[in-house]
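Trainee: Below are the chains, spelled out letter by letter.
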Amino acid sequence: MEHLIELKNVYKIYQMGEETVHALDGVDLTIDRGEFVAIVGSSGSGKSTAMNIIGCLDVPTSGTYHLGGVDVSTMDDDQQAEIRNKMLGFIFQQYNLIPKLTVLENVELPLLYAGVPGEERRERALRSLERVGLREKAKNLPSQLSGGQQQRASIARALAGTPSVILADEPTGALDSRTGRDVLKFLKQLNREGDTVVLITHDNSIAVKADRIVRLQDGKIIYDGDAHDPRAVVQPHDGEEEEEVGA
Amino acid sequence: MNFTQSFRLAIKSLTTSKMRALLTMLGIIIGVGAVIVILSLGNGLTGMVQQQIDKMGINMIQMQLFGGMDNDLPDPEDMYDLVEANSDILTGVSPYVGVTAAVRNGNDIFKATHLYGVSEIMYNAATNYTMDGEQLAQGRFINYLDVERREPVCVIGAYLEQEAFDGDALGKKLSINGRLFTVVGVLKRNAELEMLEGSQDDQVYLPYSTALEVIGSRWVNIYIFTSSSGDTAQAAKNILVGWLNDFFRTDDGEYSYYYVTTMAEQANMINGMMGVAMGVLVAIAAISLLVGGIGIMNIMLVSVTERTREIGVRKSLGAKRRDIRSQFVIEAGTTSAIGGLLGIGFGCLLAKGLEMLLGGMLIASMGVSGITFNATPTMGAILLSFGVSVGIGILFGYLPANKAAKLNPIDALRYD
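From first to last, the protein sequence lines are chains E and H. Position one of the first sequence corresponds to residue 1 (our numbering), numbered consecutively onward. Position one of the second sequence corresponds to residue 1001 (our numbering), numbered consecutively onward.
No lab work stands behind these hints, which were simulated from the structure alone. Be a bit skeptical, because a hint or two may be false.
Derived pair list, reagent style DSS-like, types lysine-lysine, alpha-carbon separation capped at 25 Å [to be verified]:
| # | chain 1 | residue 1 | chain 2 | residue 2 |
| --- | --- | --- | --- | --- |
| 1 | E | K139 | H | K1012 |
| 2 | E | K220 | E | K209 |
| 3 | H | K1320 | H | K1403 |
| 4 | E | K100 | H | K1018 |
| 5 | E | K100 | H | K1012 |
| 6 | E | K220 | E | K185 |
| 7 | H | K1111 | H | K1188 |
| 8 | H | K1012 | H | K1320 |
| 9 | E | K86 | H | K1320 |
| 10 | E | K139 | E | K100 |
| 11 | E | K100 | H | K1188 |
| 12 | E | K209 | E | K188 |
| 13 | H | K1320 | E | K100 |
| 14 | H | K1172 | E | K86 |
| 15 | H | K1018 | E | K139 |
| 16 | H | K1320 | H | K1406 |
| 17 | H | K1173 | H | K1111 |
| 18 | H | K1188 | H | K1172 |
| 19 | E | K100 | H | K1403 |
| 20 | E | K188 | E | K86 |
Let the sequences and hints guide you as you build the complete structure.
Mentor: Here's what the structure looks like:
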């Protein structure tokens, strides 16, 4: 069976003035359906770049990326948009709900861009809100919701398009620890119900909630394995690495 | 499918910042308003000209004779013969003799009174209007026998009836250049005008034959013909021109010996001139629309910057370039469309105001009674202005929208 996510020898190189920055430096990574993976790393480790590439927001400088068996590494803007719409659900640290739209309208957005007709769109968005327990807040504006509720609304939006992968970028970063735990619990539950979840974080205590940890440092994978293995959370400190990537 | 949401979103952002929306739309409101006012006034003026033509008859043809240095002018009898010979096209002719003379009744002198020598053709019994657009109130008009016998009779306007005869003129005598004329008819008062000395109501019609005696002239310089219908007016003109060229022994004596013009030609000339004037004014007003468009472009660029993050989110959720582009284009179009609607309303009100202010003056200057001035824009003008304002929004919204569409989703998501 083919892998859901398959990165092969992926490089992402930025030219910053004189300096050449290898944000991703030959990454090989596969993720299968139903996994709950945390991509961990300190700032500058390349985890954000990895998330951008996995999320089809960016293309690698070299190497290939297959998502659901399709090579998406050479796609143009609009083709990527279509892939994002069909395959990916994003959860952001800042929720990124559109303030002028109601919760329901926010959740409807991915379906709107998918061309789902009005009645069905509403239906599916409401079902998605039901799943996160926010159905009664459908008519509210995001500003009328608490932080945790807003994050749940954004999860509902990510789920609305029934994506193959849920990409959560520091989903608890803006929440207090209790609400953060609730959100993580919820992601875990989604995973148990069959969804593939990729969590991007700098926080080990959050990463260990996943089943598998992929640790990045200076654009390279330095650990990939069980989240419960003690080595998964050890920050290796080798002085040989001299390349300093800007924060 | 995306349209309704974009439209509602546009309305929402307009209503949440009303002041900003109003200022954005101001250029469009003023531009469209100005265009509507100009087109309304133009429409009103064209309507006035049309009413005048309808009243005088689209089948009217005016002939002015200058003659040469040593030429005699045609005799009125020649004109009657000409009409008779072409009775299928020409239906009548009246000489039109302008008279300068002192009008008296006892010791009252009326210096500003207009006097015209005409024939019975001047008055159309079927419509009850003279070719000048006057109506008879009492008595009768000049008739064939008056002309034939050079009778000293006259038809007077309502002003003279009031001022000279205290409202009871029929059968009384009026002195014109010392000769006494019997009043046989009184014209209806032009209700929309003030009855003043020298106004439309201060006039006298005489039989043209008598009028020629009064001014001591042999020649009639102006004739008014009628053709069988508006359609035959041009054919009638051709007959008259042909006959005049023969008479003056010239190939083309128009402008040098004579000048013949149909009502339709006059109307076309007036409408043509008015069209040019309107065109120039509308072009000037259009500059305001252009400025309005730039205002919209400016605010849309601001809006794109303000909503960079929203654009990033939409893109991450699968919005394609054209989705983003159409969202902002629709928003710009909606803004300018609402501006356009406000401008149309504002323009219509202003046009009505001007109608009330200027209407009376304009009607007086037309010199014909029974005409109304109605400064209302045509449906076409309204639709056109609305279309243009929407078009301007779309045109000037395109650049900012395209800028939004091309934003890189990563940068847009990171934007604070």
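Trainee: Next step is simple, just say for each hint if it's right about the structure.
Mentor: Against the structure, the hints:
1. Restraint check for E/K139 and H/K1012: satisfied, since their Cα atoms lie roughly 15 Å apart, inside the 25 Å limit.
2. For the hint pairing E/K220 with E/K209, the CA-to-CA distance comes to about 22 Å; that is within 25 Å, so the pair holds.
3. For the proposed pair H/K1320 and H/K1403, the alpha carbon gap of about 13 Å is at most 25 Å, so the pair holds.
4. Under the criterion of a C-alpha separation no larger than 25 Å, the hint pairing E/K100 with H/K1018 is consistent with the structure, at around 15 Å.
5. Taking the CA atoms of E/K100 and H/K1012, the gap is near 8 Å; set against the 25 Å cutoff, the hint holds.
6. Taken as a hint, the E/K220 and E/K185 pair is broken in the structure, with Cα atoms around 29 Å apart against an allowance of 25 Å.
7. Among the hinted pairs, H/K1111 with H/K1188 is consistent with the structure: their alpha-carbon atoms are about 21 Å apart, no more than 25 Å.
8. Of the supplied pair hints, the one linking H/K1012 and H/K1320 holds, its CA atoms being roughly 23 Å apart against a limit of 25 Å.
9. Proximity of E/K86 to H/K1320 is assessed by CA-CA distance (about 12 Å); at most 25 Å being required, the pair is judged to hold.
10. Taking the CA atoms of E/K139 and E/K100, the gap is near 12 Å; set against the 25 Å cutoff, the hint holds.
11. For the proposed pair E/K100 and H/K1188, the alpha carbon gap of about 68 Å is over 25 Å, so the pair is violated.
12. A hinted pair counts as satisfied when its Cα atoms are at most 25 Å apart, and E/K209 with E/K188 qualifies at roughly 8 Å.
13. Between H/K1320 and E/K100, the direct Cα distance comes to roughly 20 Å. Compliance with the 25 Å bound is thereby established for this hinted pair.
14. Under the criterion of a C-alpha separation no larger than 25 Å, the hint pairing H/K1172 with E/K86 is inconsistent with the structure, at around 100 Å.
15. A distance of roughly 23 Å separates the Cα atoms of H/K1018 and E/K139; the hinted pair therefore holds under the 25 Å criterion.
16. Distance hint between H/K1320 and H/K1406 is fulfilled; the C-alpha atoms sit about 10 Å from each other, no more than 25 Å.
17. Restraint check: the Cα-Cα separation between H/K1173 and H/K1111 comes to about 17 Å, which is no more than 25 Å; the hinted pair holds.
18. Under the criterion of a C-alpha separation no larger than 25 Å, the hint pairing H/K1188 with H/K1172 is consistent with the structure, at around 18 Å.
19. Between E/K100 and H/K1403 the CA atoms are separated by roughly 21 Å; this keeps the pair inside 25 Å, and the hint holds.
20. Between E/K188 and E/K86, the direct Cα distance comes to roughly 22 Å. Compliance with the 25 Å bound is thereby established for this hinted pair.
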